[in-house]
Every structure is written in structure tokens, then in C-alpha cells.
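Enquirer: Just so you know, the protein sequences line up as chains A and B, in that order.
The letter at position 74 of the first sequence is residue 74 when you use my numbering, and the numbering goes up by one with no holes.
The letter at position 49 of the second sequence is residue 688 when you use my numbering, and the numbering goes up by one with no holes.
Be aware that a few hints might be false.
[Stated by the list, open to error] The following residues of chain A were derived to be distant from chain B, with all beta-carbon distances above 12 Å:
id, residue
1, Ser9
2, Lys24
3, Lys252
[Unchecked claim] Examples of chain B residues toward chain A, derived with CB under 8 Å:
id, residue
4, Asn654
5, Met673
6, Glu677
7, Asp680
8, Glu695
9, Cys705
10, Arg731
11, Lys753
12, Ser760
13, Asp763
14, Ile785
15, Pro786
16, Val787
17, Gly833
18, Pro835
None of these hints come from the bench; they were simulated from the model.
Even glycine gets a Cβ: it sits at the ideal position worked out from N, Cα and C.
Residues per chain, in single letters:
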Amino acid sequence: MNLDPKIPSGPLEDKWKQHLKDVKLVSPNNKRKYSVIVVGTGLAGASAAASLAELGYNVKTFCIQDSARRAHSIAAQGGINAAKNYQNDGDSVWRLFYDTIKGGDYRSREANVYRLAENSNHIIDQAVAQGVPFGREYGGLLDNRSFGGAQVSRTFYSRGQTGQQLLLGAYQAMMKEVHSGKIQNYPRQEMLDLVVVDGKARGIITRNLVSGEIQKWYADAVVLCTGGYGNVFYLSTNAKNSNVTAAWRCHKRGAAFANPCFVQIHPTCIPVSGEYQSKLTLMSESLRNDGRVWVPKAKGDKRKPNDIPEDERYYFLEERYPSFGNLVPRDVASRNAKLVTDDGLGVGETGLAVYLDFRDAIKREGKDVIQAKYGNLFDMYENIADENPYETPMKIFPAVHYTMGGLWVDYNLMSNIPGLFVAGEANFSDHGANRLGASALMQGLSDGYFIIPYTVGNYLADNEFSKVSTDHEAFKEAAETSSKQLDKLLSIQGDKTIIEFHRELGKIMWDKVGISRSKEGLESAISQIRKLREEFWQNVRVPGEAGYYNKYLEYALRLVDYFELAELMALDAIDRNESCGCHLRDEYQSEEGEAIRNDDDYAYVAAWEYLGVNGKLETKLHKEPLEFEFVEMKQRSYK
Amino acid sequence: MSDMTINLKIWRQKNSTDSGRFEDYLLPGVNEHMSFLEMLDVLNEKLMKEGGDPVEFDHDCREGICGSCNMVINGRAHGPKHQTAACQLHMRNYNDGDTIVIEPPRAAAFPVIKDLVVDRSALDRIIEAGGYISVKTGAAPEANLIPVPQEVSNQAFDYATCIGCGACVAACPNSSASLFTGAKLSHLNSLPQGQPERDKRSIAMVNQMEKEGFGDCSNYAECEAVCPVGISISAIAQMRRDYMKAVF
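Bound conformation, chain B alone (with noise of 0.2 Å):
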């Protein structure tokens, strides 16, 4: 196949403070086996050329696992490809003359720094209210005292899988991070060695997302379309049902 054209429309936002707008660019050239990303670094190289200011995305692994990478292309986090994060979204997927739209996750959560670069750091105080279990490094028993059923192991692992990219936060309607939220409580609290701290988990870590200013969550299940590794809504029941156990 030879190199496509595709029409760029990009949010452009200087910093935080700025209103922000969408740029058109018109980018020749793609080759069908570019990732997503290095259709954007050469875009950036072409920009940088002829003394343009680069776009800017957070990116680091390009493997699909890090979590960096939490744009928004045609309206859908991380774009068409199901459970597939940008990284990992190929150039094969677009035609020649294709419009793509290109914009930061939009959640009051999560404010801008520049252009696609926004400020997640709410989810990790979401993870520091209680995200964890609590063992000092040199009090652990010898691992196999703690056996754990294989189904169980299976599925603590199921969600323990979420990379922490927020395209969940993107996708929901309400701007929830409840599919995030539930998946470490999920993980922790399916565990025999997660138990001790459960009720206090659960009641610290949903009362901290609320204080982030996430929404609530009215069942869209949109979290569970858009995630790159296919955490299940169910995550979310199960933090509903731990969070009312302990609070009553």
C-alpha cells in the first residue's frame, strides 16, 4: 500500500490556563505500519522543521503497558482498536484521506498541562488512601503458607492487570473513576492476604475518589468498552457491595 495523507485536527492548549483550541494539519506520508504515535513523531518532526511548537503526548513504553499513553482519537479513548491502547494502534487502521480528531481525556480530574498532557495525579492518592496491603518488607511468612486457589489467584490477577491510564475516566459520562477504582479493590480485596484492611480499603479509597472530584458511577459500562486490558465492569459491583458492607 503506498503512503496515505490523513487530515489532523489536534487540541492545542498552551498550559493550564488556556481555553484551548483544535489545529488543523495535514500530514502526508503515513506508512500503513506506523504506529499511532510514530505517525505523531513524525508529524512533530515536520512541525519542529519548520519551527513549529511540537504536540505534546505522554508516551513511554509503546508496549501497551505502562499506562503513559491516554489520548482520545474520534471521540473514543485510546481509539477504534478494542482493548488496545493508543501505543499499540497501528496506521493500517486509518485510509488514505481520513480526518482524526486528537484530543486530552476531558474529566475535571484530570486538568490539562499542555496540549495532550494532562495531570493524573489523582489517581494516585486514590491508590495512597489504601490501596495496598499493609506489610513491612521483612514480616512476609514464607509464600507458600498462603495458599490461594488458582481461580481466585486467577482473577485477583484479572484485575490487578489495569495499567492506571484513565480511559476510563475518559470514556464515562459522569467522568467516574469507579472501573479504576474497583479494580484495585477488586485485586486486594478477592485475596486472603488483602483481608485484614478490606473494610477500611474500601471506605478509604471511594471516599478519596469522590474527594478528587470524580463522579459517580450510573452503570454506562462506556469504562468497560474503552479499557485497554478488558477490566470488567463486575469490578465496580464488587466495590459497591464491599463499600456498603463496611459502612453499615
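Extracted from the complex, chain A is given alone in its bound form (with noise of 0.2 Å):
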């Protein structure tokens, strides 16, 4: 398996200005003979795909949802960062960049995060020319907001919906191009397969998910922006409809999946109240900025917090980080959540919570003070918990939010499969192993207006392409291996319904994949997970047929693909003897708990072959090894 990043030689400032002197250029003629596929519209796809449009090349779209401006990045809420430094207090490229190789524990390229810290300021420029309506001061200048893991106030936002604002200028820009005739656009496609051809991405295999028909589409490149594999934990942040089916079925076909065990888990996110729960919500981080989180000090009291005496509350997050106190990372605040749960200090029905309490602030400042500042948050609290956050604390207990690890692709964003482009979350490339606030939206849009463009130019000039229709056996061999599947499915007709399997896996990669992970647990997970994927083969219940819209089978084709995933996030974790960023291993840290990095060891990008499933997955490990010219590698340390 080749691995060659292709990182551009000379100093990190040039890198990608040079590559964008030496990369390859499609004459305008030429362009209109070039199909592109994009598969996925969030702020990814959608603004690949307007953008190779704008160029001249024909591009088709597909999505799940049944419209472009649905997909994901529709719900994030906090903002989007750049180094504009309009704050004047200091914010260069340099340090939006450093911010984030630091703040990913130092398991990113530097060359990747670099570029990206480039691009953040054209983002903003490209937004605000489509009407983004960002957060403005008096003057009708932008203002900025500060975010966590920085000193410097280079977020920008609109009010609490950035990521639905930023998507609808990438969904609008990409209708302009519905409009012109470059963009044939189709929703409510799932696709299932990746098509090759000599060893080229040709195309892709999907299920129209109204018709239930299986089709075939051809092109001379593939654009994968589909999204991170949260619900692999059946409760995250994530839609429900979020899945990794695509970027699995493309590691089928080659592509190496880099860093699976690199999850994010939020710490502030509103606790599992059921059985029956589908989701979970996420409280913005800003709130730990004025409250306090705390537990009980007593094993398994019921009196309610107001009734529970200063001495008897334990404020564990500022008693063991006194100079970071709340506002402690993402992960250290996750992993003291649960540490404390588990010795079964944890409040509410479930014993599964911890208190945000605003009580304190508020006699501060004044309430007026603190509902202009969260406002809207506490109301949408109110609306889920049925609880007044202004008199009785929240409570709040970590959730998965984001996957940094996805499929390898080089600097050129191409996977090891020529032609197989791959952005946006679904790829592993810029957040290391921990993902900085307000950075998502960010490389979205950087890969997809930015990057894109440029690099599928290259390798299409570089080319040459056999013409391939989808009678080509290799769309056949696809679509007959994925109409079977389908089949399968729907045959097996057991006992056990596919929200009951999803359940049981989730809390297996929770308990044993999540917050803070063992060698002993994680054997141990992927002893079960293969118990359950066998049973799940065998007596999973999927109603109805294949010919017509039927979302439990969908559901269930993704969860097919969760399944094996799970059991290759575990192998990486055992693989990966360290503690860095959102992977804990409980055996690599102090004696205070802190993370024990290895970089002698472990300064390396996992990434997997995939080489079958034979009761268990067969897999093998390559590595890319990180270099780090131009930053010291440095302990990470909140106390």
C-alpha cells in the first residue's frame, strides 16, 4: 500500500503557494469532457461541488437527505475560526496553526494545518460575498467571539447557527450551479459502493432510496464528503441519519481508514433520560465559562441540589485542576465526568450526570447578566430537561460529537485509490487527535472551495482514461454484491429488531471504546462485538422490501458497515500503546491521571487495509510517520 503523503519540500509558509505554481490545469475546452461525482452536500460536498461546476466540469451530486441543504453541518452551532486578526490582539496564520496541531496532541501534519490556517481567511471573504449573515459590530464591521484552546478572539459566527448559515451559502452556491446545467444534483441516493476500474475510482454504486432501485454512475473522479462515524455509538451528537457506509465500502474497495479511534466526546452535552433515547443534544462548551460543575461528596444522594450543603459538594474539575478549574479541555473534562460517575457519584435518575450549576454566577453577576449571555441555551434546556436552569443546576454528562480519524488521504486530498477524493470529516487529515471548537466548519469549507478544486484539476490533467460505461463488469460485479446484501437482509427475518442490535453495540464501544479505554476492555469489546455481529447475521428483523422507500433498511445496511468499523476503532486503540489528545488508554498516565504521549513510538498515522471478514476482521497496519519540522512537540498540561 503506497502512503506517500506528497508533502511539498521548502519551508511550511510555501509549501502549498509553490504546489499551487506546479500543480496541473484542465484548459477550459477540456473541462466540460470531465465528470466529477460528489457524494455528500454538507459544507464539504456542497462547496466541492459549486465550485468544480463554476470551473466547467460536470459534476453530479448525491445525498441522503432529500435535500442538499440538510446534511449535517446544518447543526453546528458555535462558529467558524480565521485568522483575520480584526481583533488586533495578535492572531497570525502562525498561530491558528500552531493552536491547532497543538490543541490534536500533535498527530497532524503540519503542512496540512498549515494550509488550512492559510485558507481560513478566503473562507470568510467567500462567505460574506454570499450573504452569510455572520455576527457584526455597531460599525457593520465582523465581530469575533473567543473559543476554547485559544488566546486569541478569532471565531466568527452567526448568533448559534453558524453551520446552518455557512451550509446555505454552499447549498445556494451549488443550486446557482443546478440552475446553469454544470451540477445534475440527486437526493435521497445512498450510495453503497465504490466502482474501480484499472485501479481507478470510476464510479459509484447507489440504492434511490424512494424507488428502492439499485444504480449505477460513472465519472472520471470521486469526491467522497460524507461525514464522521459518531453513531457508531448508536448516541451521539450526530444526525441520526449520519453513517459511514460510504467511506467503509470505499475501505473495502482499498481505501486505508486512518486513525479510526480518534473520537471526540463533548463534555457538556444533556444526559440520556431512557431506554427509548435517540439522540443526544449538545449545551454549547461556553457555558463552563461561568458555571461550576460538581458532585455530590456522598455515594448515592437523593436530596436535590439545592438542599446539599458548599462542604458536601465536590468540585472535582476545580479541585484537581486548580489553574484551568472548568475550563479544563474537552477530553479532560469528559474523562473527570466519568471517572467520578463511576466511583457512583453521579446524580439524576440514571446515576449517569454531573451538576453545571449557575447558581454562583448568577448571585454574581445577576440573572439578567447571565440570561443575556445564555439565553437561548437555557431555554432549549428547559424545553428537553423540564428543568429551570436559572433555580436547579444542570446536568449535563459527556457525549460523542466528531471522528477526527476517516479515510487517509494524501496532501492532494486523494486517498491510496487514484481518483478517490476524500473531505471533510469523512477524511482523517487535519485535527489529529482532538479537534479544536470552531475548526470543523473550517476545514469543510477549506477542503471543499479551496483545495478541491485544484487538486482533482491536477490529477484529471495528469490522467489518461479509458472510456468506461457502467457496463463495464465492474459496475455490474458492484451493484449484483450490493443488491445481494440487500436480499440477505431482508431474508434473515429474526426476533431482534435493528435498533435493539444498534443499542447493544453502542454500549459496548461506550463502555470499552469510549472516554477513557484498557487493553483488558478493548479485547474484550471486540470479543463481543463479533459475538453480536454474528448474532445480527443470523436474528436481526428488517421489515418491508427493498423496491420502495423503507428507512429500517437503510438503517440496517448501516449498521452492517458500523459493525465491522467497531471492531477496527478497537484494534487501533490497542495498537496505539499511548495516551494522546481523545484517546486514553487507562495503563499511559500518571499518577495524577494526566495523558502520557509516546512520541518515540507512536508519532504515526494509522492506517488500515482492509482484508476481509472471516468471523473477525481481517486488517493490517500501515504507518505514515508524522515529522514535525518547524513546532516542538510539547506535553500538554492543565493543572
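Build the complex: two chains, separate frames, hints provided.
Expert: Printed below as a string of C-alpha cells:
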């Protein structure tokens, strides 16, 4: 397997500029001869599709939702980082780069992250020109917020709906090209396979989710922008239909899957209230600026929170991390919440929650001030949890939020399958072992608007393409494989529902491949996953038929891939004998419980090759070493 | 509070050609903390266990922002709670023994695909007709070269926040998409960046709305009442003004 990252040589700040000079171009007359498939229409997909179409390529877009505008990017709340330095607080491309690579705990490529920081400013320009209504100051210029992991204010925002506004900007740009005829847009279509001809990605197989028909599509390049795989945990902040299927099917066709165990668990979500719970809702981490996190000192203390006197409360973050207190990074806050609930100190009906208390902030600053800062979040909390957070502390608990791992890509965002490009959360490239707040939107749009259009062109100009149609044997084989799998799922007619299996898988993943992991726990997770996967293929009940709209059949198909991915995540976590970013191994922490990274042995990208599933997942590890020429690797400390 | 038993009357329709009918379901064990869609999940689990066909409905983010869910609950798009999408509605708004009628949004421009799932691609085609500012990637000037007064920007946001669910269409006696179309026009037409294409955009989007078979607006304001994000009906007035200015 060839895992050459193809990073241009030269000084860090010149690499991308030089690469842009070097990439091959396709002449305007020739662009119209090429076709590109874009799968997924979130920030990365919609922006890539619009930009490629503007250049003159023939683009086809596919998404599982009924409209391209509903991709899960729409739910991002907080903001998007850019190194504009509008606040005059000393920000620069270098600082944004440095914060991002440090935040990722030195498990990403310097060159990629530097390019991301460079592109950040163009994204803001582009979005403003499209009419994205960012927050502004009285003078009419753009406003900024501060966000975790940075000492400068560089976050641009549209109230609490930044993802929605940026996505609508990209979606509208895409619809402009649908109007011009350069994009053919196919909603309610799910990619089931990648078609590889003569070693190159030449098309995809989809299921039309309305008619159930299996359809074949050819192209000269495929751009995969299908998001993350957090739903492998069953409960997460992801949208219900977000899934790994398109990416996993590419993995099965030969694309390496990188760092699958890097999963971000967000500390402030509304806790699970019962078995029926279908998803988790994030509460912005900005709440930790004023809220104090605590649990009762005594196990099983059933008193109401306001009846528990001050000296019987355990403010565990403030006590353990006196200098950062409640503002420790996401991974540290999540891990400590788990530790206290494991010790039996958790609150609420399930015991799986901790308090986030605004009593002291309200006393100090007044209710009006707190309401002005967090009013909409308090209302959202009250609507879901049915408790008034001005009067009684919020109950919060960590939840799976974002996956840093994904398909391996080189500097051109091309996977190891020529012609298969991967952008946005679906690739592994820029966040290392931990993503900082307000950087996911930045990466999706940097990939889509400002990288893919150049690198796809370079690939097309640099390669010869044989004439391929969907009658080719490879299309037939892939379509038949997809069809057979659907029939198999429908034929089982067992006793257990899809959700029951998914819930069980999620519990294994959360308990053993979640906030903290141990070799022993991971090994037992693997044997449990294998057993459950086997049972699934014997005893699942999938309703209805394949030839019409059937959401539970879609769901079952996605679960098939989660079952394989789950095992790979555990294997990856076992391989990484260190704690870094969101990956905490119990065996690798200091006496005070701090993560111990091992740069000598693990400063690499773990890229896994799929070999098959036969009771167990057969897979092979390849390593791409990470070299740090421009920054010094330091241990993070928040004490 | 102990668990509730809910009587459900749900629209079942196999496909776009089936005539469809209401079917009754008795659902015990409904917890007050469940969301409305989780209650439907529980119903579907029960139906599948019994070998029946689950009720199909569109949903995705379950946070009120993606606009996928759009069912009509007891005659009201998204149900009884003001400015709340169906996915953010909780069962604590109901009592033991209540009957809840659930149906798809009814409009000629939204053909039913199955049960509560409808085809809303007409809304995409209205955006396609002109709901954008034509700026190519890379052509944008430095962002702060375009100052926008804060109140203008805030007002543009109030319209841009539309989630495209189509509740406005479902609630309108004329099945008009005027609130949806007006919201996008008011967003883009109020910004300096949107001025060059203002007239062209207004005409193209209004004409497309008509072409899709949506009715006209006769100021019932039912759309504003059910909008889960509180888009003001003044969007429609703005649309009318811009359209008139553009055609005359």
C-alpha cells in the first residue's frame, strides 16, 4: 500500500503556494469533457461541487437527505475560526496553525494544518460575499468570539447557527450551478459502493431511497464528503442518518482508514433520560465559562441539589485542575465526569450525570447578565430536560460528537485509490487526536472551496482515462454485491430489531472504546462485537421489501458497516499504546491521572488496510510517520 | 409521573398512487420525557416486533435545525408548541389517554412518497431559480470591505434562519410557499451583496413558486403561526414590494 503523503518540500509558509504553481491545469475546453461525482452535500461536498462546476466540470451530487440543504453540517452551533486578526490581538496564520496542531496533540501533518490556517481567511471572504449573515459590530464590520484552546478572539459566528448559515451559503452556490446545468443533483440517494476500474475510482453504486432501485453512475473522479462515524456509538450528537457506509465501502475497495480510534467526546450534553433515547443534544461549551461542575461528596446522595450544603459538594474539576478549573479542554472534562460517575457519585435518575451550576454566577453577576449570555441555551435545556437552570443546576454528561479519524488522504486530499478524493469530516487529515472548537466548519470549507478544485484538476490533467460506461463488468459486479446484501438482510427475519442491535453495539463501544480505554477492555469489546455481529446476521428483523422507500432497511445496511468499523476502532485503540488527545489508555497516565503521550513510538498515522471479515476483521496496519520540522512537540498540562 | 397510554391515528399510504387512510394504534408505556419522534420510534419497534410495517417519517438532526421533520399533529404543522419543530416537542405536552392525529403536510406541490414522507423538492427548485448571490469561489473581496449595519445584518439573519421544512405550506389554506420564498428574498435582497441581482432574483423565485403549483398568499398568516423558527410574515410584504418594483 502506497502511503506517500506527497507533502511539497520547502518552508512551511511556501508549501501550498508552491504547490499551486506546480499543479497541472485543465484547459477550459477540456474541463467540459470531464465528469466528477460528489457524494454528500454538507459543507465540504456542497462547496466542492459548486466550485468544480464553476470551473466547468460536469458534476453530479448525491445525498441521502431529501434536500442537499439538510446535511448535518447544518447543526453546527458555535462558529468558524479564521486568522483575520480583526481584533488586533496578535492573531496570525502561524498562531492558528500552532493552536490547531497543539490542540490535536501532535498527531496531524504540519503542512496540512498550515494550509488550513492559510485558507481560513478566504473562507470568511467567500461566505460574506454569498450573503452569510455573520455577527457584526455597530460599525458594520465583522465581530468575533473567543473559543476553547486559543488566547485570541478569532471565531466568526451567526448567533448559535453558524453551521446552518455557512451550509446554506454553500448549498445556494451549488443550486446556482444546478440552475446553470453544470450540476445534476440527486437527493435521496445512498452510495453503496465505489467502482474501481484499472486501479482508478470510476464511479459509484447508489440505492435510490424512494424507488429502492440500485443505480450505477460513472465519472472520471469521485469526491467523498460523507461526514463522520460517531453514530457507531448509537447515541451521539450526530444526526440520526449520519453514517459510515460510503466511507466504509471505499475502505473495503482498498482505501486505507486512518486513526479510527480518534473520537471526540464533548463534555456538555444533556444526559440520557431513558432506554427510548434516540440522540443526544449538545449544550455549547461556552457554558463552562460561568457554570461550576460538581457532584455530591457522598455516594447515592438523593437530596435535591439545592439542599446539599457547600461543604458536601465535590467541585472535581476545580479541585483537580486549580489553574484551569472548569475550563479544562474537552477531553479532560469528559474523562473526569466519567471518573466521578464510575465512583458512584453521579446524579439524576440514571446516575450518569454531573451538575453544571450557575447559582454562584447568578449571585455574582445577576440573572439578567447570565440570561443575556446564555438565554437561548437555558431555554433549550428547559425545553428538553423540563427543569429551570436559573433555579436548579443543569445536569450534563459527555457525548460522542466528532470523529477525527477517517479515510486516509495525501496532501491533495486523494486517498490511496487514484481518483478517490475525500474531504471534510470523512477524511482524517487536519485535527490529529483532538479537534478544537470552531475548526470543523473551517476544514470542511477549506477542503471544498480551496483545495479540491485544484487537486482534482491536477489529477485529471495528469492521467489518461479509458472510455468506461456503466456496462463495464466492475459496475455489474458492484451492483450485484449491493443487491445481494439487501436481499440477505431482508431474508433473515429474526426476532431482534435493528435498534436493539444498534443499542447493544453502542453500549459496548461507549463502555470500552469510549472516554477511556484499557487493553483488557478493548479485547473484551472485540470479542463482544464479533459475537453480536454474528448474532445480527442470524437474528435481525428487517421489515418490508427493497423495492420502495424503506428507512429501516437503510438503517440495517448502515449497521452492517458499523459492526465492522467498531472492531477496527478497538484494534486501532489497542495498537496505540499511549494516551494522546481524545484517546486515553488507562495504562498510560501519570499518577495524577494525566495523559502520557509517547512520541518516540507513536508519532504516526495508523492507516488500516481491509482484508476481509471472516468471523473476525482481517486487517493490516500501515504507518505514515509524522515529522515535525517547524514546531516542537510539547506535553499538554492544565494543572 | 407514570407512563401514559396514547391513542394514535396515523396516516398510512403505501406510495404516491395509493389513496391512503388513517389507522389507529394504541401505544402504552409512553414516558413524559420522550420526544415526539422517540414516541414514534417506540411505536415502530412495537409494530416491527409484531411483524407489521413501521410508520415512515422524515427526520434527521432531531435538534430543530435540519428541517427534515414536517408532520402535521392534530391539525397543526409541527404540533401544539409555539416555535417548536416536531422533533423538539416532548410527550409531557400530552396526557394519559389523549388521541393524537398525525398526517403528512397536505399540498399539491408536496406529493406523498410514503406515510408521512413527502417530496419537497419544489422548495429546492425555488432556490435554484434565483435564491443565491452569484459569486464564484475565489472572486470574493476582503470581507470587511463590505460593511453591513448591524441592524440590517440581524434582520437578514432573522429571515435566513428559515429551516425549509415546509410547515408554512402545510398551514396555508392556499398551500402557498410565500413565507419560504419571501424569507429567502428578504434575506438576500436586504444585504448590499444582494443588490445587483435583486430584481432578477425576485421575479425568478416568485415565478418558480407559481410554476410549482403553490397557491398565492391571501394574508391568513397561518404560516407565521406555525413557523418553528418564527419567520415574520413581513417577509411576504417585502417579497411583494420587490416583485412589483422588479416587474414595473
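Enquirer: Now, for every hint given, state plainly whether the structure supports it.
Expert: Quick rundown of the hints versus the structure:
For Ser9(A), the shortest C-beta to C-beta distance to chain B comes to about 26 Å, beyond the 12 Å cut-off, and the non-interface label holds. For Lys24(A), the requirement that its beta carbon stay farther than 12 Å from each beta carbon of chain B is met, with the minimum near 18 Å. Here Lys252(A) stays apart from chain B, with its beta-carbon at least about 26 Å from theirs, past the 12 Å limit. With a least beta-carbon distance of about 6 Å to chain A, the hint placing Asn654(B) at the interface is held under the 8 Å criterion.
Residue-level restraint check for Met673(B) holds (minimum Cβ-Cβ distance to chain A is 5 Å; threshold 8 Å). The interface hint given for Glu677(B) holds, since its Cβ lies 5 Å from the closest Cβ of chain A, which is under the 8 Å cut-off. With a least beta-carbon distance of about 6 Å to chain A, the hint placing Asp680(B) at the interface is held under the 8 Å criterion. For Glu695(B), the interface hint holds, since its Cβ comes within 8 Å of a Cβ in chain A; the closest pair sits about 6 Å apart.
Satisfaction of the interface hint for Cys705(B) is found here, the shortest Cβ-Cβ separation to chain A being roughly 4 Å, below the 8 Å cut-off. At about 6 Å, the closest approach between the beta carbon of Arg731(B) and any beta carbon in chain A falls short of 8 Å, and the interface hint on this residue holds. This hint holds: Lys753(B) has a C-beta 4 Å from the nearest C-beta of chain A, less than the 8 Å allowed. Hint status for Ser760(B): holds, given a least beta-carbon distance of 7 Å to chain A, under 8 Å.
Interface restraint check: Asp763(B) against chain A, minimum CB-CB distance 5 Å, threshold 8 Å, status holds. A cut of 8 Å between beta carbons decides the hint on Ile785(B): the least distance to chain A is about 6 Å, and the hint holds. Against a cut-off of 8 Å between C-beta atoms, the interface hint on Pro786(B) holds, since the closest Cβ of chain A lies about 3 Å away. The beta carbon of Val787(B) comes within 5 Å of a beta carbon in chain A, closer than 8 Å, and the hint placing it at the interface holds.
The restraint placing Gly833(B) at the interface with chain A holds, with a minimum CB-CB distance near 6 Å, inside the 8 Å limit. Restraint check, Pro835(B) versus chain A: the minimum CB separation of about 12 Å is more than 8 Å; hint violated.
Of the numbered hints given earlier, the model fails hint 18 alone.
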